[in-house]
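K.L.:
Using the sequences provided together with the hints, build the complete structure.
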Amino acid sequence: MTRKLAALIVGLALAASAANAAPSPKDWAAVARLPDWSGVWAPDVVDQNAQVHGDPPPWKPEVARQVAALEAQEKAGRPKGLFVDCLPHGMPALMLVTHNPIEFVFAPGRVILLGESDGNRLRRIRTDGRPHAADPDPSFFGDAIGRWEGGALVVDTVGVLPQTYIAVSEAVGIPNDGDLHVVERIRLEGADTLVDELTITAPHVLTGPWTTRRLYHRQRDPAAEIVEGVCLQGRYLESRDADGHAAFSLLPLGEDGAPAPPK
Amino acid sequence: MSRAAAFVLAAALCVSAPCGALAHHSFAMYDMNRVVTLAGAVKAVQWTNPHVVIWVETAPAGGPSQLWTVEATSPGNLGRIGWTRRALNPGDKVEVEIAPLRDGGHGGSLKKVKLVATGQVLSGNWVQPGKP
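Sequence lines, in order, name chains B and U. Under my numbering, the first residue of the first sequence is numbered 919, with each subsequent residue one higher. Under my numbering, the first residue of the second sequence is numbered 268, with each subsequent residue one higher.
For lysine-lysine, the following DSS-like pairs were computed, each having C-alpha atoms within a straight-line distance of at most 27 Å: (1) B:Lys-978 to B:Lys-993; (2) U:Lys-360 to U:Lys-381; (3) U:Lys-378 to B:Lys-993; (4) U:Lys-360 to U:Lys-378; (5) B:Lys-998 to U:Lys-378; (6) B:Lys-993 to U:Lys-379.
The set of hints was computed from the structure by calculation and includes no laboratory data.
P.N.:
This is the structure:
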């Protein structure tokens, strides 16, 4: 081996293990050329329902029976609460059934999606050209890498916890059961509508990929800006602790077992 | 069923898990095709996620007062249709239209509320903000 070749190999090895580079002015300038996704994006809830009814997920037969049972429960006024535990919606449920708006933050090498309500509605999409992590810890929103194709952001998500739901409403959904793969193509349609075309592959519960779309409408009114929302906060009343300090206390229960209003 | 029946239902769905009455849930326990109008006074307001709760005390003729639990969407979604956390206050006389619990309990999903003193009407319908 020549000395030159050895140096090249060492150099490549060093490059592979290098720290993430600080963004340059050129990197920030590239961000400025991306499509304008500023503002607050409210989900089109009517269209969510239309999509689900017009083109439902291709559930496996045994799963379809479970879905039918959940739908019957919901229709009877006894909905299963998929999200009552206040854990994150996760992927793909967040994009499929959220009733709260989302916003985007662009930075060199990544796109951040922030959702309202439940402080942990947060997706980090790496757009720096990296591949998926070799063995990511399973997480609610998974290991997400993205690339810009024209005006569209193509996001590829794997490494999602098997417990996250493929949800068609807040009361009807089935855990993905593992090996979930979601590919999204997110783009502007007209000035103020964002379209997310999702292809969801969940081999344990679906017979094949499910392609569906969700719409979000832009709002620029300052009154529409996203506010903090903590799901668990609803279980607590604002009160005082033994020393008189402001504190949270669990909602008290009345004699009938139902939470009672503050005295 | 009981006064804060919405919560009982939500809690019952959680079986043995310590799941919150005010947790993020479907509204299918409410009959969206029916309207019940409550006349009474605001007893308390819980302006928190995921769902704002308004407790309303009514005084039916010839009977004891009733406490109704009225559930709305989140503070953020209400803010987008003109609400603030100060919109309703304890003691306010109100007329409230709700989609009632299907089982007849004293709870419902907010359709709209009118402040008797000013005539101001606040809607609970938040579904399509921003749609062009």
